[in-house]
Structure formats: structure tokens, C-alpha cells
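Chains as they are written, first to last, in the working numbering: chain A, -3 to 417; chain B, -3 to 417; chain C, -3 to 417; chain D, -3 to 417.
Incorrect hints may appear among the rest.
Identical chains share a label here; the pair holds if one copy fits it or two copies do between them.
To be verified - Think about it this way: if two alpha-carbon atoms lie no more than 20 angstroms apart in a straight line, the pair counts; the simulated PhoX-like pairs of lysine-lysine are: (1) 86 / 246; (2) 360 / 203; (3) 360 / 294; (4) 312 / 203; (5) 173 / 294.
Source of the hints: derived by calculation from the structure; they are not laboratory data.
Number of protein chains: 4
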Amino acid sequence: MTTENSHIQAYQSIRGITEALCQPLAIEDYVIQSIDDTSPPKWHLAHTTWFFETFLLTQMLKEYTPFHPQFQYLFNSYYQGIGDFYPRVKRGLLSRPTVEEISAYRRHVDDHMLELLHTLRDEDTTTMNSLLTLGLNHEQQHQELLLMDIKHNFSIHPDHPVFNAIKSTQLVTPPGKLQMIPVAGGVIEIGYQGNDFCFDNELPRHKQILRPYQIATRLVTNAEYCEFIADNGYQTPQWWLADGWDYAQKHHWQAPLYWQKMNGKWFVFTLNGLQELNPHEPVAHVSYYEADAYARWKQVRLPTEAEWEHFTTSQKIKADSGHFMESGIFHPQTASTNEETPRQFFGDLWEWTCSSYSPYPGYKPLNGALGEYNGKFMSSQMVLRGGCCATPASHVRASYRNFYQPEKRWQFSGIRLASDI
Amino acid sequence: MTTENSHIQAYQSIRGITEALCQPLAIEDYVIQSIDDTSPPKWHLAHTTWFFETFLLTQMLKEYTPFHPQFQYLFNSYYQGIGDFYPRVKRGLLSRPTVEEISAYRRHVDDHMLELLHTLRDEDTTTMNSLLTLGLNHEQQHQELLLMDIKHNFSIHPDHPVFNAIKSTQLVTPPGKLQMIPVAGGVIEIGYQGNDFCFDNELPRHKQILRPYQIATRLVTNAEYCEFIADNGYQTPQWWLADGWDYAQKHHWQAPLYWQKMNGKWFVFTLNGLQELNPHEPVAHVSYYEADAYARWKQVRLPTEAEWEHFTTSQKIKADSGHFMESGIFHPQTASTNEETPRQFFGDLWEWTCSSYSPYPGYKPLNGALGEYNGKFMSSQMVLRGGCCATPASHVRASYRNFYQPEKRWQFSGIRLASDI
Amino acid sequence: MTTENSHIQAYQSIRGITEALCQPLAIEDYVIQSIDDTSPPKWHLAHTTWFFETFLLTQMLKEYTPFHPQFQYLFNSYYQGIGDFYPRVKRGLLSRPTVEEISAYRRHVDDHMLELLHTLRDEDTTTMNSLLTLGLNHEQQHQELLLMDIKHNFSIHPDHPVFNAIKSTQLVTPPGKLQMIPVAGGVIEIGYQGNDFCFDNELPRHKQILRPYQIATRLVTNAEYCEFIADNGYQTPQWWLADGWDYAQKHHWQAPLYWQKMNGKWFVFTLNGLQELNPHEPVAHVSYYEADAYARWKQVRLPTEAEWEHFTTSQKIKADSGHFMESGIFHPQTASTNEETPRQFFGDLWEWTCSSYSPYPGYKPLNGALGEYNGKFMSSQMVLRGGCCATPASHVRASYRNFYQPEKRWQFSGIRLASDI
Amino acid sequence: MTTENSHIQAYQSIRGITEALCQPLAIEDYVIQSIDDTSPPKWHLAHTTWFFETFLLTQMLKEYTPFHPQFQYLFNSYYQGIGDFYPRVKRGLLSRPTVEEISAYRRHVDDHMLELLHTLRDEDTTTMNSLLTLGLNHEQQHQELLLMDIKHNFSIHPDHPVFNAIKSTQLVTPPGKLQMIPVAGGVIEIGYQGNDFCFDNELPRHKQILRPYQIATRLVTNAEYCEFIADNGYQTPQWWLADGWDYAQKHHWQAPLYWQKMNGKWFVFTLNGLQELNPHEPVAHVSYYEADAYARWKQVRLPTEAEWEHFTTSQKIKADSGHFMESGIFHPQTASTNEETPRQFFGDLWEWTCSSYSPYPGYKPLNGALGEYNGKFMSSQMVLRGGCCATPASHVRASYRNFYQPEKRWQFSGIRLASDI
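Excised from the complex, chain A in its bound form:
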């Protein structure tokens, strides 16, 4: 298969997946935005399309006319270098363009993208390739965001609507005791190495010094987290960062997001509807504050991002080995019972690290407006690693850095423990 063909195939495949993910939605579901953090599904469909239109078609396809003059304003997410953008917290107030109009927009841009991919002269290929790959990775990020946002949008409905009819067949066997694997530390390297795509924030690869540490073989389970709750974890300030304590008090946190107690039993809202809490599944939708408090209560800590990356690469854990979006379950799964094997590093849940999201030494953002993709968010956020059950399997890798503010919980986030030796 020629490169051109593989690009076309990748484009068509990834664009198609986005639309396939939305199949269970009613038209009305595409419109709503339950909190400032989420976006309406139709916005995601349009914004990913806008990305190709803005950074590829209008740059590289001769005589391309944007589909609609207002869309640059409506579907620019945050690129100041491109121009003004519609306020993100008000995305749920716009009924227009309709879902049908956005489908037409997608078809229009897809048609022109295919034209571009077919007709591009050789000398344009390198830039085009890297922008295309960026655009596809961007679309994959929004596939995960779509699932996260739909989950939240549905969660606030008093009827607990079911998005996804596929039921997971969950292991009923407990995953075994959580073990800690010791690692020697030393001068190690982190950051992307290779010739494939990575985001600018994974570079440059650079040395760090690690002290000896140990890291847990699997994620913390619901049952383990319930012990923290039962020990008054949410009422005991000594485990909490000051900001975390204040935030938890103000928002009356008593459990992870999506948990609710009914007649003395915990239930969790999932994309498969409301379900009784499975004690063996990994605890999900915790904030950094909760993950950190849980770790303190266990008298350990969260891993640094360097430890996490060093461990997964030195142990040669395969990035695509985990439980990802492709399973169609959209919910983390119970770890297998091989107690001593490192499990769940990739997929299932993003794992909070105790590392602030900062530029690597020598970091250079992309040029132009695309430099805003990652760099401008490097304050007051924490790094998460490993992907989750809503991440496309091909999207993640050991050096991949995700990031959220420490109070956010609507992403699929979990807890892996670590400690000094």
C-alpha cells in the first residue's frame, strides 16, 4: 500500500469511528452541555472538522472556500492565533448549526481532504503528513472527549439514560493483592524516542535522576477505595492537600464522581447506565486530590511521571496491550489475577502522577497557532499517563502526557500507587 493510500485509509477510518461512536445519540443529545468542562457532541463533530479545514485545507488546497464563514468563530476551540472564538461555556446554548448541517460540513471537508490527499505534489508531503497525523490524533482525542462528555451529560439526568447497550462481562474474581515492584532508579531517560508521531510536549527526550522506588502492579480497586471512605477519608483533613480539602468541602464530595448511595448500597453511573458498584473494578473518576489523599492515607504516594514512563519502558509493557475504546465497553475492567504481573498500565484508566504538567527542559512548542495546542496549558495541571477505556488503542504510548487540573473528575482517571524504598 502506498503512503498516500495508507493516509487516505487512516483518515477515513478515524473520521468514521467518530461518527460511529455517536450512533446511539438522539438528535437532542448532540446539543447539551452539562457543565462548563464538557462540550455538546455536535460541537466535537464540528470542531474536529474545523481543525482539518483550518490547518490543512485553507493552507494547502488551492481555491478552497470554507464551508461557512461563521464556523471559524464557532468551532475554534482556543487558538488565539486563528482569531476570536465563541465562549466555551456557552457551547450548549447554540441549537444551530443542526446535526444535519454539521454532517454536511463533515462530508464537505472529507471530500476536500480526499482531494488534497490525492492531488498533493511531492514537495508538500512532509508538512502535510505531519499536519494530517496531528489532525487525526486530534480527532482521536476528541473521540475520548466525546465519550467523557456524553457520560457527564447523561449522568445529570434523573433517569440515568443508557448510552451503550453492550454490557461488560466483568470478572467476578478479585484481582489479588496489590503488590509493589521495586526498581533501582538511577540516571534514566524519558520523552519520546522514535520516528513516529508524538506531541510536542513529549520532547525533548532527556535525562532524569530517579531514586529507588516501587510501583504497584495494578490500579486501586473500588473495594480498596471504600476502605478509605469507611475510615472517614473524606472527613479527615490530614490526608488532603489544602486546596483539595477546600474544594471537597465546598462541593460536598463524599465519594468519586458518578457514585451514588441508594438504600445503603453504592451504585455508579456508567455509559451502560446505573450499575451496582463492582468492588473489584478499579476506582474511577477520582480527582488528583482524592488520588493523592488516598495514597497518603495508605502511607505511600503517587508515582512521578518519570517513574511511570521509566517503569513501563524498562519493563517493555506494550502500549496497545490494554483495554481501550475498541472493546466498545467504555468502562474500566477488573484486573486479571496474576498478582505479580504489572497490569493495567495502558488503557482502563488514566493514572494520576504527582508531576505538575511542566515543559521538559528544552521544550519547543510547534510554530504558529498550533503552538497553542499544548504549551499554553502548562500551569496548575497534573500529568496523567497510560490512556483509558475511552482512548483509541493506537493513540497512546509510554511517553504520552495527558493533563488535567487537580480537581477534575469527569475524565476516566484512576489511582496507581508508588513509594520510595
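Starting from the known structure of chain A, fit chains B, C and D onto it as the hints suggest.
Frame of chain A, contents of chains B, C and D only:
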């Protein structure tokens, strides 16, 4: 035609109008709520249906089972006597039930209402009649609310969507000088008199003493209001109530709602899209604070509700003579040129009075939960009279009391002047 | 005594009382502002002084130079006609001018006021007299505000500081059954009548029609109000205006302001410190919403202001007969046991009426900036009548109209019941 | 001199300095709190005293009775391990205890501390010494906070009160061109090394790898920062972190805190009153967002904390060599003209680093409630280094880590540039 038949006809007609009003909407338009004050169109469709289900079917139709157990919670607006209700400011966050499901709900309730209307035994008729009439008047109120809310929902879209293709053929002739008609005053009576339907807040009919007053023949026009703006009305605190001044400053008011200046010209957003300001049309979408400030600036005042009602009844102005919803224009019209004739009292725009919305002496609310319909809102609101271009013609009468908080502007409200003699 | 002398005496007396009221304060107490509604005591001392400086000295005393150029800005309360003013909600953020500097300001203005009162030529006397009287009435209003504000400022301190060492010797005898006195109604007159001072909002005297009504002989007691609480009054929306219910829920109201339960017993914070609730005292510091809800629960209502004024004048109840500031107790007293005698109409507690604060027919505000004194507040407030235990006895009269927003509770407000017959 | 005597001397000296700093204050100035971040001066006086009472006297002095039972609640800042505390944002609402009562509190605790220092048995000495030293360092931190908070409290007054009569004699000579000094990098160590006091967050000393870097010889001046303003720095999003841009827009930032333009000239509010901007002084009261944006605009960056510490220790720059609180000027000074000499690293202004405030590898907080001193703030803050003109000279050292949220500006913070080579 028998009474029963006329009831069935009225029911079918009014229910049908509600649905007809929504025809221009896309599915997505039914979902959104642009501000706390508005409701999504699909909520109105469901709530009016809930009203019949709750106050008629579940009370009077044997073995009636509510369409959906959750709807009592979702579509109760504010009747504490019925039970808890979903928070009004979050109505725009619910995608479900879908528009189609709500249509099914309407059909279900309509079918059972027809059954009820056909099968009712004689002895039930009186109560049923008054509840049916209340339900239909309630539905008519929501027809107006639908238009008001759609207007606001559309207005915040940067593209100024057009709801209504029917263009008004506006008079280009100025309506002539605003005249004041003197009235002698004395002991007069206000409040509903007759045997047809009225709301509880229009009763009891009672005596009041009026000093001599004069009242304007027509509404204040855009051109006249522009003089207030040009004279720095929005920058001059002396014309304003203290609360009004603070509110106007905080919200940066410089003109009525829906006005926007482009290249030095005023445009107004209407249900027919964005249009250049017609100077002869009555000024619309003003708050009480603005109406009151304008009147002070003119060294006059707004009429009391007693003056307004006394004038219209003593002059025998017909309530259905004005420009109402049925015209399909949904925008106030220029007054005719008969300078000395009282015009626009009914229809076009609700007219702010300087009367607080208080109970009439001896006022008794309806029994039970329906007592909450009007009575519990009798604080911090002002009375408006006369109906507007979005009100069904058969809905309004001289004694009809509408009411809004003094800062509200999304209703079709205008200014009629009055003064002492 | 000449008029001039009586003016001087009144001026010195009233100015002196303001300062005497502050004697128990430490310097630090003069600075704080516990909520937006209250002002720091030193602000009251300066603002009342500014009033004389602004409306008398700078107008009428030749070559008078204001004490400090910044004070016009700092101590103007809300007179837009005078110029900009410092934001009221930030008054507690200013440590300067110090209390000592404000004392110097008072002495400076007092010296010049005496000069003015001595030297004024005859032709200036009328205007000067009315402005002087207004200024003194204004100062008296701030005497009450001082006590109200100090009470609130102190109340939020966890130590419950005692302002006033004088203990009341409260009646231990219950005030007897609450009786309702029937009144015939008819065409009556309200509004100030006479040649002494009144505020512009008490005019013009005008006719109203009253239906037959009855009015309670005394205020509602704490014991009676406790029955409402015990009957879940604060948990039962049916008694409440919609705005009141929402406000009460949002602010978690469970009892009047200043009540707190300790070990199952109610205590109330007073200017004499925290005291066990005396069941026979009138219930104080209730909002309009609570007063109205209590009345509905009792199946009666609050009086209109016309009923209240008509009753007190027709019954010839003396305005200065009540329990006022001069007693030095600053707390309402138990009614005497003469069950059938109208009691507590003047003094003790301001009585909520069900009348919105609106202009009387034909109302004319004062000219110039002083027109802002009362008129611009005529929206969204309710009228209270009769004065309270913090009001100077000479300040109040039957036609006196006080007004607060319906949610306010920090004023000394109570409940008198009335009903239709 | 014996250790005991030196302790007594240190205690008396540092406690005395706190009080001396407050001498210019009027009683009223001790009460106010201009923003949530600041505390009333009297609160600082009491809280530092509470620290000795709580962590020394009640632990170690037999039969010690706290001065006032409520003070543990009122003057605990944030130690959850000690118990509940009064909300920090309401500190300015308390007039009591008065300044005089707090003085009595200080004398009481001082007397007992001297008793403790005299009578302590040998075996108690080590713990006592370290707690005493901690308490004195804590008091020194509050000396700086006192000056910062007074500055802000005074700054919002429209009259620009002068706190400090001592005028600085500022250099009128520009400090010369800003030079960058290259440093080789490599494996280096940071963290406290030695036997004297340090805070827990300076430990453990540990290795880091530094790439080659260069660092500026002096702080950025007002003149240099004005170029950023003139180049529309505050209107150009590309220089800003996303959070910073949003914050700056929301708060309408156009210049550093305390700057105001009058008749086209910049003035700055200082503890010596309002002064014309001296272009040669270092720019002060900038947030991290502004410091970072300025650096990006200059195409460089801020130093990491490791670079900063490495540079100052490897260059043997003396920590007490700078311009500190003891000068009595309380305002940063112009750098000397030795262009190539590293200047202003200690004193003048805290220097923002681009390092998030995170625990050092192997960090252990102090035991018990004192563990809350530093550790619980390790999220969403940035590290600053070097002390400022309000810091006691003996308080700071090369390894000292200060920290603030990136949007804070009321601390004395400035900008030192660095870059990769």
C-alpha cells in the same frame, strides 16, 4: 353545538395551535435554554400537557395511569403542593425525553382528555369545566412564552437565525403626535366582572378612588425613545430608580433588549431575524426601570393599573381589537395615524403600569396546589396590562393582570405614558 | 425661647445623642462592616456630618470650605446629584479617616453650623429651617441605623460581645391572648396632616377606600412564633411567597435572625449579649417573607399601611407612647396584660405591612439632589410602620413610612396581624 | 553567651521587631482586610503569638493556661490538626479582641516563653530549640506578610495613605544592560545543606541534571517592562499561558499591581505613598503569568528553581548581601551599575521560577499538626526564590523556597530571566 362539543373543539384548537407555533423549529431548537428565565420549547410542550394530566386526568379519569412516572418531577413548573420539581435553571441540560417522546406524551394525554370530555358524568361537569378552561388559558400563556423564549434563545446566536418567514408590512407613516386624554377620576371599580373565565388575581372586583389623570393615546415609539438615549438617558442617574440604575450599570444597558448598533445604525433582533430599527414602531423589550426612567425624563409617569383598566373599560375599548398572535407577525406594529383615538391598548405590547403586583382587597387564591398559580408571586413584581403581539387574542381582557420583575425585558413590553392633571 | 435658640438646642441635643450612643464602642468597633447592608459606625458619624456640610454649610454659609476635599466622595451615601460616591459594600475596608479625625470633622461642622444658626439673615430662615429639620431627622434615622448595624456587626463574632450593659427588667407575665379589633372601613384619609416636619413620601394626604377589617391588639410573641416553627413552618412551602421560599432555602433559614439553638434551647443575640429567648417578648428580626408566611399559617394576613395608619389615628394612639431608643434598652419589651387595649403600635418593633412602598397619588419628591432621599427607592420594598426600640421617640408619627426589601431582617421588625372581616 | 541567653535574645529581638514594624499604624489600621489574601495587622500580631502558645507553651510549660479559650479558634490560621479555625476571608469582620487586648496577649505569652526558656530541663532542649527556631522563623514570615498586607490594605484607599515616612534615596543612574551569564549545567545538588535551621520543604538535598543555561545578572526594570506594555503585551494572547490570559482579561490587567496612570504618567503605590514610577527600579508586584509572558516576549524564559539555587551557591552569592527589611525602605532598589556582576539575587524582590512547588524526592513533612506548615500547599503554586525588601535578612538562604499561586501579585515579586544555551 353542545357545550361538550365546544369544549372538545376548544381543546383541540388550542392544543393544535401550540404545535403549529413550533413548526419552524429544528429538533435542536427545542432543547436549548439561553438564560434562566427562558425554557426549552420542548419543556413548554411537555409542561402544558403535564398540567392537563395532573389537574384533570389523574383527578377525574378513572384508572388513568400517568404516561411516565418521572414526568411529574420533570414537568412540574413550580407547584410545591404537587411535589418536588426539577430545577428550572437546568431545564436546558436535559436532552431526554426527546421531542418525539414528548409528542407521544401529548397524543397520549390528548386521547385521554377527549375520553374524559366525552364520558364525564353530569355532576362532574362544573369542576371539570373550570379546570379545563384554566388548562386552556394556561396553554395559551405558554404559547406566548414559547414565542418569547424562542426569540431569546435565537437572539444570542451570532448568526441571528430567522424563526418566522412572514414579514410584516409595516406602516411607513409616523403614527402622529402622542396625545394625552384627560379623565376625571373619582370612585371607580376594577376587577373582573362577568361570567366567563378570569384568573383568581383579577378578583374581587372592588372600588378605588382615582384622582384626575390623563393617559396617552398610543405607545411610545422607537424614535421617541431614541431621544431619551440621545439625551444620555442611560447615563443620567436622576431619571432612574436606585435599583434600576444599579442593575443597568451592572449589565451595561445602553438600549432596550435586542437592540444592537452596527456602523452607527440601530438594528433590532426579531422573530423575523435582524432588522433595521423602524422609528415608528413602539419601543419594545424595555424593563420597568427603563419605562419608568423614560417617563420621568418626559416629566410624566406610567399609569396605575386602576387607571389603565378604568380607561379601557370606560372607553369601551375592545380587548380583541388589537394586534395579537393570530396575525403571525410576532412583532409590534406601528400605530395608525388617528392621533386622537386611543390605540394599541390591547395587543402589540404589554404595558408597564406603576402598580406593584399585590392582591386585591379580599383576594382568595384557588384551593389546593392551583392556589400557587398566581398568588405566591405577589412580591417584587410590577403589573403589565393589555397583551401583546404574541398573546392569543381570546386570552386577554381589560381586567387581565400580567406581572414581571422590574428588571425583566424578554417579554414583549412597552411604554404607555400617563400623568396627573 | 426663640426659634433660633430652639434650633440650636435641637441641633446640639441630637448631635450629642449620636455620639453618646457610641460610647460603649472600642475604636476597632467603629471600623467593621459585617454585611453589605450595614455600615461601620464611624461612617455613620461622618455621613450625618457630611449631610449638614453638603446641604447647609456649602449652600448657605459664606466662604465655608469643606473640612476635607475627599470627604464628599467618601461620605456621600447615594446622592448621584452630588457626585460620585465610594461603594457602600466596601465601607468596611477603609481605616482612614480615623475615629479621631471624624470627631474633628464633627466638631468642625458643628462649630460652623452654630455659626450659621446664629448669623442667618431672616430671609434665609425658611429654607434653612426645613433643611435643618431634615438634617436632624436624617441624623435620627442614623441613630437607629447605628444600633441596628452595631447589633449585626457584633452578632457575627463567635464571642457574642455585649454592647449595652443596661439590662431590661422584662415582664414575666404573658401579655394575654391576642385579640382582633374590628373596624368598619369606608372612605378614609392617610398621609401627613399638620404643620410640622414630615418626609416627602408621607404626602400628599389622600383618600382611600377600606373594606371592613380587624387588627391585632399586640405584636406576635416569640412563643406564638415558635408554634409556627414547631409546625414545620420553615419546611412548608405553602405558607410562603415563591421568592421568600427560595430565599429561605438558599440561606437555610430555620428561625428569625439572631436566634440560635444551644442544647435544645433557643437563645437570641441582643445588644445586651446572648440571652435565653423570652417567650413573651414580641418576635423580632423577621423578614417580610417570614411575617407573611406566619400570617398565612394563621389564616390571616398583615395589615395594609392604610389600615395601620387609619387605625392608629382613628384610635388616637399616641406616637410617643411606646418603647423607644430613649429607654436605653434597645430591645423590644413584653406587651402589658391589658388584653383588649391596642398596644405596641409605636416603638418596640417596626411592623411589616402588606403594602409595597409606592408613591402616594400625586407624590412630589424634594427638589434637587434631596429628591433622591426617598423617591428613588420606591421599587421592590415593603412598608413598615410605627418605629422601634432603637428609634428616637420624637422621630416617628402615624404617617411615617419606613421601607425595606422583603428579605431584610437586620432591622428591628415584627409582626402585627390583621384580616378581612 | 550561653545558648539559653542567645535564645532569649533572639526571641526578644524578633518579637520586638514585629511590634516596631506596626508603629506607624493607627488603631483603625489594625482591623481591616482589603482582600481575601490579606489579614488584618492585629490578626498577625495574635496569630504569631498563638503559634508559640500552641506549639510550645501548652506542650512544654507545666500548668500553662491559654490566655483566652476562644483564641485557639480565632488565631489558628490553617492547622486542621489543632482544630477548627475561624474562616480566613472573614478576619476583617472582627473588631474584638482589640489591639490592646492583643498586646496583653503578646505580653502574657512573652512572659511565659521567657519562663519556659529559663526553666527548661536539659532533656527538653532539642525539641524546644527546634520549635523555638521554627516559631521565630514563622514570626519573621509574618513580618513580611504584615508589610505586604498593610501595603495592600492602604493601596485601595482613594487617598493613598503613607505608611512609612522614610524615603529611599534611589539611584538615578540606570543599572546598565542586562547581561546573561552562561553556566555549564551537569549533575548538581540542591536542597539545604548544613546544621542550622531550614524548613522541611528544603529537604532532602538531592541531585538534579541541569542542561547548560544562562541567567540574567539583574532583575528586569520598570523601563524594560514598559516596553512590553508598549508592545501591547497585555493585549497579545500569544505570550500568555491560557489560565493567565483568562485571568488577566477577567481582572482587566493592564500593568503590574499598584501601577496607575495619571495624566499619561505611570505612578506606583508604595509604602511611602504614591510615587512616580522610577524606570530603573526592578518591576515589582507581577504575577507568575506576567513574569512568564514577559519572558516569552523576550524569547527567553524564567529560571528553574534548581538553576537559581545552583547559580547562587556555585557563585557563592551571600544570602544576606541584599536589600532587606532592615533598611526600613520596604521598596526594591535600583541595581548598581556593575553590569557584569550578578546582582539582586537576594533581597529586593522574590524571583519567580518556572518550577511548580512540588515535594523534593523523599520529602518528609514535620510530624503532627506542624506537618501542615508547608506540605499541604504543594499544588497549583510556583516557587519563588531569594527574599525581598520586606524579608528579614537573617530569614532567607539559597535553598529557601517561597511559593504563591501564579495569579498572586500582592507579594514583592519580580522577574529574573534565564534561557537555554
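A quick look at each hint next to the structure:
Within a single copy, residue 86 and residue 246 get their C-alpha atoms only as close as 24 angstroms, which misses the 20 angstroms cut-off; across copies the closest is 16 angstroms, which meets it. In this assembly of identical chains, the alpha carbons of residue 360 and residue 203 lie at most 20 angstroms apart only when taken from the same copy (17 angstroms versus 25 angstroms across copies). Within a single copy, residue 360 and residue 294 get their C-alpha atoms only as close as 38 angstroms, which misses the 20 angstroms cut-off; across copies the closest is 15 angstroms, which meets it. In this assembly of identical chains, the alpha carbons of residue 312 and residue 203 lie at most 20 angstroms apart only when taken from the same copy (19 angstroms versus 27 angstroms across copies).
In this homomeric assembly, residue 173 and residue 294 come within 20 angstroms of each other (Cα to Cα) only inside a single copy, at 14 angstroms, whereas the closest approach across copies is 54 angstroms.
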